[in-house]
Amino acid sequence: MTPENLLHRLPSTQKCTFGCPVLDRCLGGGIPCNSITEIVAESGCGKTQLCLQLALSAQLPPSLGGLSASSLYIHTEFSFPSRRLHQLSHAFISSHPRIFNNDPCDRIFVHAVYSADQLFDIMPKIESFLENMNTQLPVKLIVIDSIAALFRSEFENTPIELKRRSALFFKISGKLKSLAKRFGLAVVVTNQVVDLMGHLEGMNGLKVGNLGSLVSSGRRVCPALGLAWANCVNSRLFLSRNDEVVGEENGSVDVSACGDGDFLPRQTRRQLHVVFAPHLPDSSCEFVIRREGVFGVER
Amino acid sequence: MEVGRLPISASQRGKLIAAGYTTLSSFSSLSPSHLARDLKISDNEAAEIMRVASHSHRLDGSAAGCGTVNGAQTAWDMLHEEEMFPRITTSCMDLDNILGGGINCKEVTEIGGVPGIGKTQLGIQLAINVQIPVDYGGLGGKAIYIDTEGSFMVERALQIAEACIEDMSECGGLLRKDFQACQLKMHPNNILENIFYFRVCSYTEQIALINYLDKFISEHKDVKIVIVDSVTFHFRQDFDDMALRTRLLSGMALKLMKLAKDFSLAVVLLNQVTNKYIDGSFQLTLALGDSWSHSCTNRVILYWNGNERYAYIDKSPSLRSASAPYSVTSKGIRNSASNCKRIKMM
Numbered sequence: 001m002t003p004e005n006l007l008h009r010l011p012s013t014q015k016c017t018f019g020c021p022v023l024d025r026c027l028g029g030g031i032p033c034n035s036i037t038e039i040v041a042e043s044g045c046g047k048t049q050l051c052l053q054l055a056l057s058a059q060l061p062p063s064l065g066g067l068s069a070s071s072l073y074i075h076t077e078f079s080f081p082s083r084r085l086h087q088l089s090h091a092f093i094s095s096h097p098r099i100f101n102n103d104p105c106d107r108i109f110v111h112a113v114y115s116a117d118q119l120f121d122i123m124p125k126i127e128s129f130l131e132n133m134n135t136q137l138p139v140k141l142i143v144i145d146s147i148a149a150l151f152r153s154e155f156e157n158t159p160i161e162l163k164r165r166s167a168l169f170f171k172i173s174g175k176l177k178s179l180a181k182r183f184g185l186a187v188v189v190t191n192q193v194v195d196l197m198g199h200l201e202g203m204n205g206l207k208v209g210n211l212g213s214l215v216s217s218g219r220r221v222c223p224a225l226g227l228a229w230a231n232c233v234n235s236r237l238f239l240s241r242n243d244e245v246v247g248e249e250n251g252s253v254d255v256s257a258c259g260d261g262d263f264l265p266r267q268t269r270r271q272l273h274v275v276f277a278p279h280l281p282d283s284s285c286e287f288v289i290r291r292e293g294v295f296g297v298e299r
Numbered sequence: 001m002e003v004g005r006l007p008i009s010a011s012q013r014g015k016l017i018a019a020g021y022t023t024l025s026s027f028s029s030l031s032p033s034h035l036a037r038d039l040k041i042s043d044n045e046a047a048e049i050m051r052v053a054s055h056s057h058r059l060d061g062s063a064a065g066c067g068t069v070n071g072a073q074t075a076w077d078m079l080h081e082e083e084m085f086p087r088i089t090t091s092c093m094d095l096d097n098i099l100g101g102g103i104n105c106k107e108v109t110e111i112g113g114v115p116g117i118g119k120t121q122l123g124i125q126l127a128i129n130v131q132i133p134v135d136y137g138g139l140g141g142k143a144i145y146i147d148t149e150g151s152f153m154v155e156r157a158l159q160i161a162e163a164c165i166e167d168m169s170e171c172g173g174l175l176r177k178d179f180q181a182c183q184l185k186m187h188p189n190n191i192l193e194n195i196f197y198f199r200v201c202s203y204t205e206q207i208a209l210i211n212y213l214d215k216f217i218s219e220h221k222d223v224k225i226v227i228v229d230s231v232t233f234h235f236r237q238d239f240d241d242m243a244l245r246t247r248l249l250s251g252m253a254l255k256l257m258k259l260a261k262d263f264s265l266a267v268v269l270l271n272q273v274t275n276k277y278i279d280g281s282f283q284l285t286l287a288l289g290d291s292w293s294h295s296c297t298n299r300v301i302l303y304w305n306g307n308e309r310y311a312y313i314d315k316s317p318s319l320r321s322a323s324a325p326y327s328v329t330s331k332g333i334r335n336s337a338s339n340c341k342r343i344k345m346m
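Protein chains in written order, with the UniProt record's numbering: chain S, 1 to 299; chain X, 1 to 346.
Among the hints, erroneous ones may be present.
Unchecked claim - Below are the DSBU-like pairs computed for lysine-lysine, each with C-alpha atoms no more than 35 Å apart in a straight line: (1) X:258 x S:163; (2) S:175 x X:15; (3) X:315 x X:106.
These aren't lab readings, by the way, just hints derived from the structure by calculation.
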């Protein structure tokens, strides 16, 4: 309610690094605090990978682009991928050996949620958790993986149900945004895609964001949950995978010298696109998923 | 000329009338300090009133002496007054053209569009452009930015401010008039300093803030634009009682219109779009319902046409329906790329 002099704040919004310079450059330093960033992709594109990596890199000190913060990971779809997190955390410790003396997984709090109403109901719990936390590092990152799973099963396709659904969207997003503002949180939610039928551009002939139509695995897709939800997020990122590029040598990848081959299908070309964001231009960036994590590739 | 017609704040007008000064001539011969004593206001404020009064007197000219009803205004005067206030440019020439030169003061303009079309970008751009000094054809005012969604990014504002100053210094190279002084005044940091930013997290906060704005603006007279980004967000959350929502919204709209009139400032409301269920099919409209569409003087819809962004005047009492392309660049809102090429070729 009080006027905030912009100059008394940091010169730019605080960002949480992805732990990869190429991805950070594409996204202006990482995921911005005080706002909701949505990662949209079909399954198997790397949404969860990116989220796990964020939860780790948020623990880095600000000098390395992190938030020196713990994170809260709300998962809705599968059981929490703790094996993968351990794998990532080993790589994380070995690349930053001086910073951490205990397991970084200790600073990732995990909570399962199974319905949209439950998600709204635990908001006060999250708030009091953020208020009275006496851990080493404050929580500055909330990941919801995925928001789509909660909303896609429960509601019927009738006008009344759809209205109830979109009211819940705005309630949840409003609550998340006020938490984000109050505690300086970066909020990341993941979303699924739906296939696009017909010749129309975008959802119901409506284009949202920079890209006319999103293409993944050779199909035209659009983010799930419709227009109402699109109004609830501040930025939207889209991950795509396309298999058409075959036989690309991964030797050109410069990020890590560790040569692992059989972990990822070589012919998959993954890209990250900025669909819309208040602070970013229309840009995209290629990336690979390896055992050590997600890395951007310089083209 | 009546005091009621002076472009001064309502409280000043009230004080003048309460002290018995109902016409211009009744106090135009006084000294500012005398007036200050009579009205119990500061010398500066009194001097400001005198300045406005003498200015209006000159403008008034021949019209003086016509016995109009207290507070009334002839359309001729209004035309003069309107010409006195420059419009706020959008930095996109095509968009300015269809808007009749830019966003008008004393009016409420609603701008709506799908996510990612550039509503926030336009909002930030206007908050910066309102500060373009008078010498450069701007208003030299300040901006209030009410953020309900958390999309205002300081670094983006800084980027647009820098580009704005760059453009002005190019322009200043041609004018050469007070350029040094202006450059000193128009530092990016100063531009950011002149944007009063409010972040509201619920609809009660939003209404409270808008009720409090007239007090805030009477303390900061040079505020020339109020931007609400977006007016919609908190009103789509949890309203079982839609009649209550309509009442709250129309009350808020009236407050904003009054602000625009009283302080001669522009109000820009950003709105979201929604699917409206008509006759068994979904159609795209701006959010907040039918009654809300009466709340704004002008309504501009932003939409995609192929890969180009377009703006369309949906409703306006003075402008004809028209559409124009624009683009969002690293420098802010600019002419569409295809038009840029055309201009460059010429």
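Each hint tested on the structure:
no.	hint	in the structure
1	X:258 x S:163	holds (33 Å)
2	S:175 x X:15	violated (45 Å)
3	X:315 x X:106	holds (16 Å)
This entry does not satisfy hint 2, going by the numbered hints stated previously; all others are met.
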